[in-house]
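The numbering used here runs 1313 ahead of the 1-based position in the sequence shown.
There's no promise every hint is true.
Claimed, not checked - Derived DSS-like pairs: lysine-lysine, alpha-carbon spacing no greater than 25 angstroms straight-line:
(1) K1501 / K1470
(2) K1455 / K1501
(3) K1501 / K1512
(4) K1557 / K1389
(5) K1420 / K1355
(6) K1832 / K1317
(7) K1810 / K1317
(8) K1455 / K1355
(9) K1355 / K1507
(10) K1512 / K1551
(11) K1389 / K1470
(12) K1501 / K1732
(13) K1317 / K1470
(14) K1507 / K1455
(15) K1557 / K1512
(16) K1455 / K1470
(17) K1420 / K1455
(18) K1512 / K1355
(19) K1507 / K1470
(20) K1832 / K1817
(21) K1501 / K1557
(22) K1509 / K1551
None of these hints come from the bench; they were simulated from the model.
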Amino acid sequence: MLDKAWRERTWSELDQLWDIIVIGGGITGAGIFNMAAQKGLKVVLLEGRDFAFGTSSRSSKLVHGGIRYLRNRQFKVVRESVTERERLIRESDSLVDPLAFIFPSYKDNTHDTRMMRIGVAAYDLLGSKWQHGDLEPQEVRKALPALNTENLIGGVKYFDSRVDDSQLVLRVINDGIRFGGTAINYAKVVNLCKSKNGKVEGVVVRDETGTLSPSSIELLGNVVINATGPWSDELREKVGGAPKLRRLRGSHLVLPRENLPIEAAITLLHPRDNRALFAIPWEGRTIIGTTDLDHDLHEDETRITRDELTYLLEVAEQAFPDYPLTESDVIATFSGLRPIINTNAPTPSQESRAHAIWEEDGLVTITGGKLTIFRVMAADVLNFCRERLPDEPGFDHAAPCFIHPVPETQADAENPTWKMMAGRLGQDVDPFFETANPEDLTPISPIPQTWAELTWAARNEAVAHLDDLLLRRVRLGLLMPRGGMDMLDPIRGLVQKPLGWTDKTWQEEVQRYQAIWEKNYAVPD
């Protein structure tokens, strides 16, 4: 349970020698942390902001094989991704669930349809076991009644899967803690410690909550791993590393399901540049994305631009002419950064999604890659470091990373809310139901999240700020109009006491959250 007592206790225990210090609390760092903890290593994960603050809460919400990467012959990435997707579907207790995709075929895109068929065939050859294949026009119309059917001649159906990305990060971290690891958010690495010969041997970490004493601590470790994603180059500067990243921004729109009613996901080609985009049913809403643009790190958070907003609405207008959308229909927007290894490809979409590992003066960096293959990345970087670890253990990306909950009754096993929460919470699912007010187990209509999740997260999920709760735990900031600000009175009644906040603190947190949401998640001015 990651409550206030946990934060104080964890901080007091940091000052010791660790086998591994992992910097970065996104999915890459979480995967490394989880895998190392399973091996019985003394591992600590340090995140300067909230867990999943950056890329790992702002993805396209897909665990996918990467069918569009086949166009650039990224066969290794796709093979790894298909294999990991299947494992995560099997092992995540429905946190990762299969999702049908349909690529509609029109008279003017027959070449693209042929390429999609080749891609789907490659999916199957690379390990996918789903029933992929061609659809007749009437089958496409039945599956997607909102779709533009003018000149429709059929379609291609394939499967990938969707996920609540920040919940995946929290689940992997929580299970890593159960395996014996130590993790803390709002613990920012502000400097690297070096030995007499100039090798990195530890870090200086500072408490960002302003509540802990001492305010900074020095940690030493046999291995220090930089898993900070788009911010990897900034940490590497401390050891003289030259820039290696090409940061790519991907922006998305969140829309009411009634404004864009789809049950299956759709792969779309933008009329302007023929890029592939997706419309995805997710958590009672519809997401459209993503863009793929170069981005300079000049602000704390990424946000969508007016040009991107127009670009995404254009593809929706072409695909769903009977459901005209305007920016007033958009519930929320979100943008994430992809940490891509820069090869100077002509366009962002042509850059490889492969990951890379290197060591500079003792600092080990892993970056690139994608959410789906986080276990592959974890095994690769830990095997890279194995000679510096006790007993030189070997690491296998096929090793499970989840501790599974066991339903107490058949009714639990068949209860949709129990299954949803089992995927999100793992072994905490029973304590969740035992402590929840039954009246609070009702969904927050029209989304599946329940009121009880707010209380649970406030009590047990390392929430330091209101934006942690609403943007990365229960996701109301993405799913409800105005980021859920019209619901703050009932939310306050559920979470203020568990968080231990005074009335003054609550008002300060509301002002902070409103500023963050309006700047980074609202429709841009």
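How the hints compare with the structure:
1. K1501 / K1470: The given pair, whose Cα atoms are some 45 angstroms apart, is violated under the 25 angstroms limit.
2. K1455 / K1501: Status violated; Cα separation ~51 angstroms.
3. K1501 / K1512: Within the cut-off at roughly 20 angstroms; holds.
4. K1557 / K1389: Holds, at about 21 angstroms.
5. K1420 / K1355: 59 angstroms, violated
6. K1832 / K1317: Status violated; Cα separation ~29 angstroms.
7. K1810 / K1317: Holds, because 12 angstroms separates the two Cα atoms, which is no more than 25 angstroms.
8. K1455 / K1355: 54 angstroms, violated
9. K1355 / K1507: 20 angstroms, holds
10. K1512 / K1551: Given pair K1512, K1551 holds - Cα atoms ~11 angstroms apart, limit 25 angstroms.
11. K1389 / K1470: Holds: K1389 and K1470 sit about 23 angstroms apart, inside 25 angstroms.
12. K1501 / K1732: 35 angstroms, violated
13. K1317 / K1470: 48 angstroms, violated
14. K1507 / K1455: Distance ~63 angstroms between K1507 and K1455 Cα, so the pair is violated.
15. K1557 / K1512: Holds - the C-alpha atoms of K1512 and K1557 are around 21 angstroms apart, at most 25 angstroms.
16. K1455 / K1470: Holds - the C-alpha atoms of K1470 and K1455 are around 13 angstroms apart, at most 25 angstroms.
17. K1420 / K1455: 19 angstroms, holds
18. K1512 / K1355: 20 angstroms, holds
19. K1507 / K1470: Not OK: K1507 and K1470 at ~54 angstroms, beyond 25 angstroms, violated.
20. K1832 / K1817: Given that 25 angstroms is the threshold and the Cα spacing comes to 23 angstroms, the pair holds.
21. K1501 / K1557: Given pair K1501, K1557 holds - Cα atoms ~22 angstroms apart, limit 25 angstroms.
22. K1509 / K1551: Distance ~16 angstroms between K1509 and K1551 Cα, so the pair holds.
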